[in-house]
Every structure is written in structure tokens, then in C-alpha cells.
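As a plain string of letters, each chain reads:
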Amino acid sequence: MSELLRRHASRAVIIALVVVLAALPLYVGAFWLQLGLFVFAAAIGAIGLNLVTGTAGQLSLAHAFFLAIGAYGYAYLSGTATSIGGGVVVDGRELPPLLAAALAVALAGLAGLLFSPIAGRLRGIYLGVASLSLVFIGQHVLLNAKDITGGFYGRNAAPFQLFGFTFTDEDPDLTVLGVRFGQRERLWYLGLVLLILCYLFATNVLRGRPGRALQTIRDSEIAAATMGVNVRAYKAWAFVLSSMYAGLAGVLVALAFQRPVPDYFNLTLSITYLAMIVIGGLGSVRGAVIGAAFVTALPLVLTHYSDHLTFLAQPGESGVGAADFAKYVYGGLVIVVILVAPGGLAGLFGARGRQTGVTTDQPDPTGPSSSVMVKEDPL
Amino acid sequence: MTYFGVLVINGVSLGFIYGLIALGFVVIYKATEVVNFAQGSMLLLGAYIVARTHGDLGFAGAVLLGVAAGAAGALVIEFVLVRRPRHADPIALAILTIGVDIVLSTELTRRIGQDVLSFGDPWGNDTVDLGPFTVPQARMGAMAVSVGLVVLFFAAFKYTSWGVATRATAEDSEAAALMGIRRGRVSMVAWIVAGALATVAGVFLGTAPSPGLNNSSNLTALNAFPAAVVGGLDSTGGAVAGGVLIGVVQSLMDGYNDNLSFLGSPLGDVSAYAVMLVVLLWRPSGLFGTREVVRV
Amino acid sequence: MEPAPAASGAGSPLLAVSDLAVRYGRAVQALRGVTLAVPDGGIVAVLGNNGAGKSTLLRTISGTCRLSRAVIEAGSVTFAGRRLTGVDPGGVVTAGVVQVPEGRRIFGRLTVDENLRAGGIRQRDRTERARSRDRVFELFPLLADRRKQRAGLLSGGEQQMLAIGRALMAAPRLLLLDEPSLGLAPRIVGQIAEVIGEINRQGTSVLLVEQNAEMALELATYAYVLELGRVSLEGSVEELRRTDQVQRLYLGGVDPGNAGAAARRERPALRRWVANG
Amino acid sequence: MRTRNPYQAGTRRTLRAALACATVVALVAACSTKSNGGGSDKSNGGIKTGPGVTDSTITLGVLTDLSGVFAVLGKTVTQGAQLYFDKLNKDGGICGRQIKLLVKDDGYDVQKAVGLYPDMESSVLGMEQLLGSPINAALKQNIETDKMFTIPVSWASTILDNPNNMIVGTTYDLELINGISWMVDKGMIKRGDAVGHIYLEGEYGEDGYLGSKFAAKELGLKLVGQKITATATDVSTQIAALKNQGVKAILLTTTPTQTASAAAVDAATGLNVPLLGNNPVFVPQLLGTAAGPALEKLLYVAASFEPYSGDSAGATAARSAFESKYPTAVPNGGSTWGWGGAEAYATVLKKACDNKDLTRDGLQKAFRQTTSVDTDGILPSLDYSNPGDPPTREALVSKADKSAKGGLDVVQPLKASDLAKKYVAPEHGKGG
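Residue numbers (my numbering), protein chains in the order written: chain G, 1 to 379; chain S, 1001 to 1296; chain P, 2001 to 2277; chain E, 3001 to 3432.
Don't take every hint at face value.
[What the hints assert, rightly or not] Distance condition first, Cα-Cα at most 16 Å in a straight line; then the derived EDC-like pairs of lysine to aspartate or glutamate:
no., chain 1, residue 1, chain 2, residue 2
1, E, K3222, S, D1258
2, S, K1158, P, D2113
3, E, K3421, E, D3383
4, E, K3100, G, D307
5, E, K3217, E, D3418
6, E, K3351, E, D3361
7, E, K3356, E, D3055
8, P, K2148, P, D2113
9, G, K146, G, D91
10, E, K3147, G, D169
11, E, K3325, E, D3086
12, E, K3365, E, E3144
[To be verified] Calculated from the model, a selection of chain S residues having no Cβ within reach of chain E, i.e. all distances over 10 Å:
no., residue
13, Y1003
14, L1057
15, A1060
16, L1065
17, V1076
18, L1081
19, R1083
20, G1141
21, V1147
22, V1150
23, F1154
24, A1155
25, R1185
26, I1192
27, D1254
28, T1290
Keep in mind that the hints were calculated from the coordinates and are not lab data.
The beta-carbon is built from N, C-alpha and C at its ideal position, and this holds for glycine as well.
Please build the complete structure, drawing on both the sequences and the hints.
Right, dumping it as C-alpha cells:
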């Protein structure tokens, strides 16, 4: 009975949240909308990383690379050949934006698939370090494959279009309840819808057979194998799915930036994504969203209000400014979460705590798939 | 040919510095199964102390203090953070060290700002002539000290009780515990050693031909990652060999970039990671690492 | 029931385990109130099937049960009048109790010498250490010949000797042996049994956990049978030999056609091979 | 989300207002502030005003790096600009309005910059400073859409094609062309010599390389390029490669740390050839390092603005203002340039005021009418009437010198070489 009630309450909260988010563009200014776009993109990316790192327990630092593939894939496929400065001309495929976006996501998935033989061969921390190399190789390619990426200068991403409706400031001019709907307002809804779809898909995946298989792999690959889980195939599949999520996040980033530049897709971005899922709570889809919102919004919001936050050094003063402070907070939170609150923010806020399984550092010793039982069965 | 020789010498001298950092990764990994992503910050911490105190203490005194500080910093990380969740999964602990790195490197780079901090080292910009090659004295010093430290390390690892205890723990921590080997102590010493080695590496990274310590010196630890992994994360000899290999590869790729222009440029940084990826495809546990023993 | 100090008959026992209850996680109750004693200078055997709680018992004594996240719910372990429960493994070794783990668990990448050093690591006194080493080489001359060899290259029997030798380096007063006969040829098992007897004659008490009841009952003077975490039977070896249960389950004497019992022994052995391979 | 309160800063509507708008169609435009956030042009006392302009103030945006890798540059440039506007405000401001800087720190992080830009967009008339090549590239689209008149802290010729950008000074390629011409004049290098160029991956380095390529071709030099990443701190491999080619001089478009390493290796390996760098290669802190003596012996810097120690009236005024406000700070040329840039921006604002049009379009128009910005000698006279062309082709050469304030001493005053006058970059003429 109370379980039923709780589920209803939880659903009500989520619906209320969605309604609020849908209404927000009517009230808030450009800064918050831009921030929201970043949050939607980050949340989609974090859900993806969470599938591979939180649920399947495979540390990946390559997320920035897959985001870059999504962003540049979209910019290239939807773009036209243009001169972008410094005598460089970028090529483009001029595909319809929707098709370009879908192909960019597929491309990111393909990259994940190509990497998965390596991922399948490597265990634990070796995979984490190997995935680092994708970020460096990716940066190198972004800077050197100038006729596709535009090099350091980046390249424009074509505005998104859906059945003739463009996500720009005009064409058609759109006014809703007296509020002019420009590019940011329109992209806001695109991001929101995509996030909801990605969220639902991920929760379904995790609730079903694949989710259980991934958790088993995380707890013990050997145990999973003896239980008939095709470990290699599932690991590859998790990587592909995770990179597709990253690819979609990349497409959104390209749309939000209007002009993706290589500098963005660096190791720091990968680490930021890792921080998101740890802070939110490893293994939890809701946690990934909460973590993404927190980590993305914190530095921007602190800077936005830095005039009022007297403990922060104001621009030009020496001392700890908003940017540094944000880093202390989220670096510190990563530490604190792993030390004392393995469920992350989702575990603290959520009524039922961890939603889709336990965290990596506390395998439940009573579970049938747990490594502890297999390892220490007191025979 | 002389040019090739110069590149190799540059690569080897840099490679030994990578080797020192990589050795730190490996010794921590062996003792605790944790990959320490905070190694770059530890390097920055020790070197920063040296740079700030050499005026008062002289170079040697500052280095001693810096090494002590680097070791103490590592010990604090080990004690407060890594030891507490004793049974935590190594991946969670690796992420934890990433958190430490974010906080520590933010603070240190903020303090360093745009300064280029020198160490007041005795070598300055003097050079040594080795036949047709001219090598900065500081790099010769780096090589000599690195070789010395590596030999010292290997001797300690081979012959001291700590070395035996660490290797025993790395192989079978429960059996080692049954022998009365305290894992906590093994792990403490490993972190101290890693912190000290990182500090020494940091000082050499900031002496000639580099002008000093700056706010991106910690990023060099990112080159020591491929070094440690190429050699094998649990192979101490592999760390040094991997460091030298990566140093030489980077130097050669940069030096012959003109002939490899189809690969784009610059090639130095990316080549380290490309080499690592190739090695891992071929040998998933690195060149000298042992294949992961799977216990059910 | 107060356990009889058995053969020695002298005063309080060297090791006393009383009412020990140990649990893994929430569900698995490994020990449910075990009480046993090892007299000074004696050899005591613990028999039992897989899952009876034998390994948990040894882990609890040696202080390593925390490594596998077991929780001591009740009871105590006392050694030479000193409480061992809550003492870390290093402290237990210093107190004079050393365990030879099941499956030998020698350090294969270390040399024979280094394995012995690891065993003697808590022995600070140099001359004591040398004396222990001499004693080990006396017991196992073969190890002396191979001291520079990597331990992983030794044969199974040699590895078992090394595992025992390694434990002796800490000069224990009580040696805990976890299935020393496991996976060894009968001839080797005989040799190992002889050495254990010799070690005991030199003054070290022994707690021997075995599935190989034949060997255990040969060596020991007093024995316990563990079943599902409880002591189901105990007594002097002569008494136990005569019980049907021990006959049937552990010695396989009475009913050679009992396929069930045979299978029961087969399976666990197989499982361990998988586990340690 | 932290955004549920509709009354938070940046929010100008309420639900009620929105509903009212829906019902009163005629009022839609008036109540929808977002739709005209980019240019709510009003007429005020005969002066048309745009966003960021009130009766008493003109607010300008500064999006800079105060906590990242270029924090020191961002800080001193901002300080220089603020000092100039302080002086200007004391003298009565512009159009009777005080100039206010709205400063935001992006920490040289692209996402932060893109996220903070909309925060400023509606409350500033233009951007007095936008630091960082990747950030300028990422915001290019926004700047164009919003017609945001901007001074980029970058001297790459690639940004000339953005008509909203006001480059203060000449571009990296022209700095080097002038510098190389000067070296030839001084006899440091001659036709047929090999010259090395170590340059950074990215806009800055590659723009410098454009200039050296041109100069080498025109002057019959053999150019040997070595590209490096920004995080490299040891350039001994690159110097070895250049030594192998027998170079007679080395050009640098690098970070200061790399400059010091280059000087140290250059001297230490006995190569001892002169070094010529672009204006960002040097910070005075380098002279305190072990590379100090080598730098003093070998390093020349080409720039289109005076160093901190410059003796023009403008540089002197900037210096004395800086010294009295920040007596303990380590000075560098950033504040001097910041002062000059602010003066250039103020020149355009004054022209817009004369035109009675303080809107973004008005600023744009005034910008193109600006044919000579006079910064009292900090910079050469700047002419912005030809979109896509650099405002000046002049550069000066200074030498590393410990005894000079700010560490640089001018050895060749501002001058445009014949080669510089002839040079056409790929972007030239493309603006507007």
C-alpha cells in the first residue's frame, strides 16, 4: 500500500517537474535557457556514461571523444561547404538536419563498436586508461582534419529542422503567450523531449534483462559468464549504447554552441562527466540527471550570482573566484560521495534510494550474483 | 645520424623522468590496486614547495623539504581517503583520486598563476659535451638521479622487508595478511614513495631545458600514464622501460614530424597514447605486466 | 558442554574458542556457536564437509575474516589467556598463531627465500629469524636446494612444504593448517603428515582442518566434527573412529558402495580446482 | 533546477504579464522584453540608445579569463581598461554617461563562456574584451547575430572577417613580418639563410606561421616550421631539429614558458641564434628564471603596442595609473594594452555619441567611420574604415631587459616595413 503510494508520489513529482520545465521558457531569460540546454545535453550524455561505468562497471574516460563525434558528425553531415577563416574551407554533406542528427548518433555508436574489441579485451582499470587515449587521438584529429572539422577554428552547426520547422530565431516567427520563441526557447523543448525519451529508454533497459546482465558483469565477470551471460557481447553493447547517448548529447551541444570547437572536447570534459555520474549516484538514471544538472549548473550559477556571493573573490581580485570554487565543490563532492554516500545525490534525495542497483563499491554480499559470495563462499 | 642521436638522448632523458612518475603509479597500484590519478597534483605539490622555499633553504634543503611535503601529501591522501573505504572497489577509488586531483590541482594552479617558478638548482643552463652531443647538465643530473633512484628503488624492492611485503601483498593480499604483513603499512609506504618520486620528477621537469614550474606542469603526469600502462601497471621494471620508450617515441615523432606530415602535427603527445593503444591491443596487460590473475 | 581439555589434561587450553557465531552479510550464517579447544602441545583436528564453516573458523582465529566481510556476532577466541577476537592478522601472528591457508597460496612470483622472508616478516630479531630458517631447511631440505627458485615453479607437494615452512618462519606456538592434503598425491600426503608430526614434536601445537579424515585422525589426538556451522560431534580420536557417522562420511569404510558420499567428495574438489586455477 | 522562482535576476516577466500579453495582442511586442533583448532601441534626449545604455551609464561587457591558464593576462588587461575608464569617468564620461564594465570570468572554458554570454548579452552595449581564441571562435555566431561590437584579446588575422571585431593593433602575421624585416635590416639574417619557427597548434600559432611563410618566401629564406602543443614545456627536441637544419634565427609563436625553454636550449646547446617572438611570448616573470640571462641575450619581441616601459605619453599615463593603484603588482604589458584598447573603444563610443546613436547599429556605423584612433603613442594610429583589413601594419621590436620596467625595452619604434605593406592575409578584405 505505502509502496504504491510512494510510487504515485514519485511519479507525481516527476510529472510536476516536467510541467515546470515545459513552462519555464515563458518566464526565464536567455542565460537560464542556455544553461538548461547544457544541462539537457549533459544529462543525456551522463545517462549514457552511467550505463557503461555506473551499471556495467567499466570505467570510461572516452566520453568526450564520443560527444565530439556526435557534434562534429552533425555539423559535417548537415553543413555546407564554407570558408571558415584562415584560408580553410570545410566540406559538408548538406543532409536534412534530422537525418544528419540520426546519422551522427549512429556514427558515435559505430565508434563505440570499433572501440569495443579493445574494451572487451581489457579489464577494470586498464580499460579506463586505454579509453583516455581516445580523447587525445580525438583532439589530434579534430585539430588536423581541417576540411571536416575546421581545425582549431571549429565549424558552424546548421540549425536544426523538424518537418519544416526551424529551431532558429525566425522562420517562422513564433510567439507563444506573448513570449517570442527564439532559438533558445525552441531548442529548450527539443532538449527536454530528447532527455525524457532518453531517460525512459534507459530506465527500461536497466529494468529488463540487459540491465541485470550488466550489473552481474560489474559485480563479477566470471560469475556473469558462468551464469550464461555473454560478457563480451554485453560489454560491447553497453559501449555502443553509451556512445550513442554521448553522440546525441554531442548533437545537442553543437546546436547549443552553434559552433563546436575542439577545445571543448578535452579530457576535462570526460572527467566532468565522470564527476556527474559519481555525484548523482553510480548506477542510477535519475542520479545521472541530477548529477549532470548539478555539475553543469554550479559554475555558471555561481558566476551569475558572484556579485552577491561575498565569500568569492570578485573579478580582478586575488583569492578564490567562482570558477575555482565550483571546482572545489564538485571535486570535493566526488570524494565525499565515494567515501560516505555511495548512493550519490539520488540516494540522498530519492525516496527509494538507489533505483537500479547498488554502487560499485558496495556489492551486496547477499545477492546471488555478488562477487563476494562467489569469492568467499565459506566452503 | 647525429640528429637521430640528439633526439634519442632527449627522449631518454625525458623518459627517465616519466619513468619516475610511472614508478609511482606502479608502486601504488601494486600495493593497493588503485590507479592514482592524483599523481600529477602530487608532483605539483612537492615541486611547488621546492620552488617556494629554495630561496630560504637552498636547493638541497628545499628539495628535501619538497620531497617530504610530496610524501606527506601523498600520505594524507592515502590515510584520509583511500584507506577509509577499505573494501571499496578499485574503480571507485580511482575515481576518488580524480576528485582529489581536481581539488588539489585547482588550488595549486591558482597559486602558481602565470608565474614560472624556478628552483634555484645548481645546474642552471650549463651543458655537458658528450662527443658530438651537447646535453644540459640538468638533464644529465636528471638522468643520473633517476637512474640512482631507480636502482635504489629496485634494491629496496628486492631486498628490504618492505619490498618483500609489498610484492607478497600484490600477489595475494590475504595470504600476506596471514603472514602478519600489514596491508595498511605496505600501502602507506607505497604512497610515500610515489609522492617522493613525483616530487623529484616535478623538480626535473622544471629545470633546464624547461624554464621552471608552471601551471601546466602537472599535465606531464598524463604522459606517464601511457608509460606505466605500456610497461604494465604491475611491473616496476616496465614502468621505467615504458617511460623511456614513451620519451623516445615522443622525441622521434616530434623530431621527424616533417617526414610524417600526413599524420598531422604535433605528434608528440598523441603518439604516446597511440603507442599505448597498440600495445594494449597486442598485450592487454602491457609489455611486462602479468596477466590479471582471476580468482573466483 | 565444556570441552574436555582432552589428551594433555593440563590446566587451561592454549587456544579456546567459545560460542563463536559468525555471519557473512545478512543471510549467510557460517558459524552458529562453535566451542573448541586446542591444548598446549597437542594436535587437534576439525573435520567437516564443504560449507560446514571450517574455513570461517580459521579465518576468525587468524583475524582475516574481516577481509571477507564476515561479522563476529558472538563468542570469543582466546589464545594463551589473551583475547584474539578483534585483533588484526598481524597481531595474531605476533601473538604466536599462524595459519597455512587452504590451497597453499604461496607467492608464486617470489623466490623460495623471499617467501620465507615474507613469513618471517614480523620476526624482528635477526638471530631468531636465522634460527627459524635453519629449522625450516632442516624440516624441508628440498627448499634449501631451491631457495633461489621462483616458488611458482615448485610442484604441488613442494609448494605445500613451502607454505608450511613460510608459516614456521614466524615461530608460531600454534599452527593452523587448512586442508594441507588438498590436491596432493597420497604419497606426498604421507610426507606432509610426517612433517606435521615432527613440527608438533618440536613443540608447536597444531589445529588441523581437513576433509581427509584418514590423515587427520592419524595425526590428531582429539577431533571435532563441524556440520552447518555447529560442532556436531567431538571426542578423542579413538572414540570418533568408532562412530558410524565418521566411518560413513569421512572414512568411507563401512559402506564402500555409498555413491552419494563419494560424489559429495568429488564435487567440492573439482570446484576448488576451478577456483584456484 | 534552480530556476523555479520567476522573480530571479534575469527574469523580467511574470505569469500574469505573459497572460496579459496573450490577451492584448497589441501589447505583445511591448511586454516581451526577450524578443528585443538584442536591441531595444529607444530615443532618449535626442540620442538613440541600445541595450546597456541608460541616462547615466553605458555598460560594456568583459568576458575574460581570471582563473584559468591566461588569468594573468586577463587580469592585467582588465585592470588597464578599468583604469582608463576610471580616468575617463572622472573627466565626465561619454555622452554624459559613466562607463561601467560588467566583468565575468569564464576561466578559459568554452562551455562557461558560451553559457555566460547570454547573461551579458542583453545588459551590455558591446564587449570591451573577449579573451581567448577558442572562445572567440565558439561565440562567433552569437556575436554576429547580436551585432555585438567586440574587442577580442587576440591578434589573429582569422578574426578580421568578423565585422563586429575591433582588433586593437596589428595581427600576429604582420608582427612577425615586420620583425623579420627588421632582423634582415640589422644583418642578423640574410637571403639564403635557414630560419626556424616554433609555433603553437591553434589560431595564434598558425597565424604567426602565415606571416613567417610570407616573409621567408619574399626574402629568400628557408623556413623550418615546428608545431607544438600549448602544454609542452620543453622544446629541446624542436630546437635540436632546427639546429640540425642550421637555422640562423628562430621565430616563436609560443607560450611564455616555451619561450624561456627555447632561449635556454638555444644558448645551452651553443646554437646561440637570435629569437624573435610575437607579443604574447613574453611575461616579465621569465627573467627571474634560470633562462633569464639567455632571454636577455637572445630574445626580441615584435608587437604593435608599447611595452609597459614605453615612453610615449599614453604608456606613461597607463603606467603611472597602474603603479598608483597596484603598487605591489608585477607589471606587464597587458595593462598598457588594456588601457590602449579601452581608449580605442572609447573613441568609437564618442563617435557614436556624436552621431547621436548609442545603439549596436550605431556603434557599428561609428566603428567604420573611425579612421584614426589616437592612443597617445601606445599604439600606432588605427584605421577601421576598411573592413577585413588590419587597422595598422606597424609594429615595434623590443628586447628582453631586466632593468626595464615590465622586462622589455624598445629597440625599434613602431614602423611598417615594405614587406608588411605588401602582405595580404587570406582574410584581408573579407570583413563586412
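Status of F1154 of chain S, Cβ more than 10 Å from any chain E Cβ: Check passes; 27 Å lies beyond 10 Å.
Given the proposed pairing of K146 of chain G with D91 of chain G, does the C-alpha separation stay at or below 16 Å? Measuring from Cα to Cα gives roughly 9 Å; hence the hint holds.
Does the no-contact call for L1065 of chain S survive, Cβ to all of chain E over 10 Å? L1065 of chain S clear of chain E: closest Cβ-Cβ about 20 Å, beyond 10 Å.
V1150 of chain S clear of chain E by more than 10 Å, beta carbon to beta carbon? holds (21 Å)
For A1060 of chain S, which was marked as not at the interface, is the minimum beta-carbon distance to chain E over 10 Å? holds (16 Å)
Quick check for students: does the CB of L1057 of chain S sit more than 10 Å from each CB in chain E? holds (18 Å)
Holds or violated: are the alpha carbons of K3147 of chain E and D169 of chain G at most 16 Å from each other? Distance of about 14 Å is within 16 Å: holds.
Going straight from one Cα to the other, do K3421 of chain E and D3383 of chain E come out at no more than 16 Å? Roughly 14 Å between the alpha carbons, so the hint for K3421 of chain E and D3383 of chain E holds.
Does the structure keep K3100 of chain E and D307 of chain G at a Cα separation of 16 Å or less? holds (14 Å)
Verify that the Cβ of V1147 of chain S lies farther than 10 Å from every Cβ atom of chain E, and report whether the claim holds or is violated. Holds, since 19 Å exceeds 10 Å.
Can we trust that Y1003 of chain S is non-interface, i.e. its beta-carbon lies farther than 10 Å from all of chain E? violated (4 Å)
R1185 of chain S clear of chain E by more than 10 Å, beta carbon to beta carbon? Holds, since 36 Å exceeds 10 Å.
The structure fails to meet hints 13, 27 from the earlier list, while all remaining hints are met.
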